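Visitor: Chains as they are written, first to last, in this note's numbering: chain D, 117 to 495; chain S, 2 to 235.
By construction, these hints were calculated from the structure, which means they are not laboratory data.
All of these numbers come straight from a predicted model, not from anything done at the bench.
Even glycine gets a Cβ: it sits at the ideal position worked out from N, Cα and C.
Each hint should be verified, as a subset may be incorrect.
Claimed, not checked - Distance ranges between label pairs, derived from CB positions:
#, chain 1, residue 1, chain 2, residue 2, range
1, S, Pro32, D, Asp280, 22 to 28 Å
2, S, Thr14, D, Arg165, 46 to 52 Å
3, D, Glu224, S, Glu222, 44 to 50 Å
4, D, Ser250, S, Glu222, 30 to 36 Å
5, S, Pro138, D, Arg168, 43 to 49 Å
6, S, Asn53, D, Val185, 34 to 40 Å
7, S, Gly48, D, Arg168, 28 to 34 Å
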Amino acid sequence: MSLAVDVTHRFGSFLLEARFVSDGRLTAFFGRSGSGKTSLINIIAGVVRPDRGRIVLDDTTLVDTDRGVFVAKYRRRVGYVFQEGRLFPHLTVRQNLLFGRWFTPPRERHVTLDQVLDLLDIGQLLDRRPGSLSGGEKQRVAIGRALLTSPRLLLMDEPLASLDDSRKDEILPFIERLRDEARVPIVYVSHSLPEVARLATTVVVFQDGRIMATGSPTDVLGRADVLAPYVLSEAGVLIEATVCGHDRAFGLTALQSRAGLFQAPHLDLPIGTPVRIRVRARDVMIATTRPDGLSALNVLSGVVRALDATADGLVEVGLDCGGVRLAARLTRKSIATLRLEPGREVYAVIKSVALDRDTLGRAPTPIERASADASTTQS
Amino acid sequence: MNDLLNLSPEEWTAVRLSIRVATVAMLASLPVGIAVAYLLARARFPGKSVVNGIVLLPLILPPVVTGYLLLLSFGRRGPIGAFLYEHFGIVFSFRWTGAALACAVMAFPLLVRSIRLSIEAVDRRLEDAAGTLGANPLWVFTFVTLPLILPGIIAGMILCFAKAMGEFGATITFVSNIPGETQTLPSAIYTLTQIPGGETGALRLTLVSIVISMGALLISELLARRVDERISAQ
C-alpha cells in the first residue's frame, strides 16, 4: 500500500495543510484534538472535498484538483470506522455488517462474513439491533461493516476514544490482528500516545493543521519536539523487544531487547512475539555503580551521550544502552552529585510496574520504515 | 337508535366516495410531498422561501379562494385544465378526481411539513457512513434516509388523509356538490342540514366521520410506535 497526500483545505478559520507519503501497514495520525487529523481522514474518505491538492492511493488518483479529479466517496472503496460507530439503528447487526458488501462488485468481495465474525468475535450478535449493544460491541460491528466492503484502505478515526479502558483492551488485539493477519492497510487516527506507540508502523504527527513529523514510531515518538505539545512527563523512548519467557510464579514476562533484558508484569503473549516497550524518561533512575539491594528489576548498563536542559528546569540525560537510545529525566542536583557527563558509564534502573502497560501488545513485524520522501517535513 | 346505524344508499355512496377521494389524494401527493420536503430540508437554491411560501399558502388562504384558484387554472377553460384535457384527456372539473386534487392541495402543507421535520432530524453522519460503504445517493436515500423518516411519513399521510376527509370549502367551490361524483362526506352533511328531515342523516354521517377519523388516528399511532421501536431499540 502506498498513500500519497498533498492537500490544502480551509474550514472556517482553520487551515489544513498536509503533505506526506506512507507505505506503512498502519499509518497513525497522531496529534492533539483539533490538529486536523479527522479533517484529513474525511478528505481521504471523500466525505469532504479539499480546496486544493492530490490524494493517490496505490496507482489510483482519488483527488486531483488541478486535473478536476474527484472520486465520489461511494466509489473509493475506502472503509471508514467512525469514532461513534454510526451503525444504522433501523437495521440488525447482520444487515449492518452486510450493508456495504451489497455495493461491492462481486469480483472484489475478498472478505466473507464468516471471516469477519471469526476475526471480531461477533457471531452471537447477528440478530440484535445496535441500540442493545455495548460500546465495545458496537465498535467491533462498525469495524466488521467496513471490512466487509473489502476496502483497499481502512480508515479508523479514534475508534477507541469513546470506550473505557477495559473495552480498549478488548478491541486493541483485534486491530493488531487486522494489521498482521488480515493485512488490511490502515490509517489510524489517535491522540493517545500509548495506542500509537503500540500499533503504528508509520507515524504522521499533526500540529495546528500541519504535519510536523513523519517516520517510524521509534524515531518519531522519542522526539522532544513531537511530545512537547503534550505533557512533558510523557516524554520517553520506544524500545523494540521480543517476548522470551514467562515467570508464572511471580507473574512476570521477560522481554529481550538490544538494550538488555526487561521484566514486565505478565503479558498474555506467546514467546517470540514482538512488543514495544515505552519507557518514560521520568521513570528512569541513574546509578553510577550496579545497584544492590534494590526492588527495581530492570537494570541496564549504558553510556551517557548527552545532557539537555528541559523547559521545566530539569535535565534530560541521553543514554546509549547497547545501541538503543534511552532517556532519563533528573534534577540538576542529581547531575551534580553523580558528576554525570558525556562518556560516563552508568546503570539505568527502571521499575517493572513503571513500564507503560498500555503500549505493551503485539507489535507489527517486521518493522517497515516510512518512505523517506516526506519524512520529517517541517511546517 | 336503529335509524342512526342504517345508512341510506346515498349516504353509503358519500362515505365510499370520501374514502376514495381521501386515499387517492393522500397516495398521489405522497411522492411529490417527499420530494418537496427533501428539497426544502436539504437543498439550497434561490427562491427557496418563495417555494416554501407557495407550499404553505393553502394553509393560510380561505379554502374558497384556493378552490376558486383551482377552478381558474384546472377548469376546462383554465390554462392547465385545457392543456391536460387536450393532451391527456384528463378532466378535473366537476369530477371526483377534481375533488381529490382539491383535497390533495389543501392537505399538502401538512404532509410536507411533517416529512420535512423528520428529514431535518435525520443524523446526516449516518448518510455519510452509508456513502463510504459504497451506497450512491439514491441507495443512501432508499436504505437509510427513507426508513429513518418513516414515522414522519406515516404521520404526514394520516394528517393528509384526515384533512382530505374533512375538506369542504375548496372542494365545493372547485367541483361543486354532485351526488355520486363530487359529494363527499362534508358536502353530504351540509346538504342534509339544508333540507327538512335531514337531521338524522346528518347525524349518521357525522358519526361515520368520527369513526373514520379516530380509526385513522389509531392506526397511525400504532404504526408510528412500531417503527419507533425498530429504529430506536435502545
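Visitor: Each hint needs a verdict: does it hold in this structure or not?
Guide: Each hint, compared with the structure:
no. : hint                              : result
1   : Pro32/S <-> Asp280/D: 22 to 28 Å  : violated (47 Å)
2   : Thr14/S <-> Arg165/D: 46 to 52 Å  : violated (59 Å)
3   : Glu224/D <-> Glu222/S: 44 to 50 Å : holds (46 Å)
4   : Ser250/D <-> Glu222/S: 30 to 36 Å : holds (32 Å)
5   : Pro138/S <-> Arg168/D: 43 to 49 Å : violated (25 Å)
6   : Asn53/S <-> Val185/D: 34 to 40 Å  : holds (37 Å)
7   : Gly48/S <-> Arg168/D: 28 to 34 Å  : holds (32 Å)
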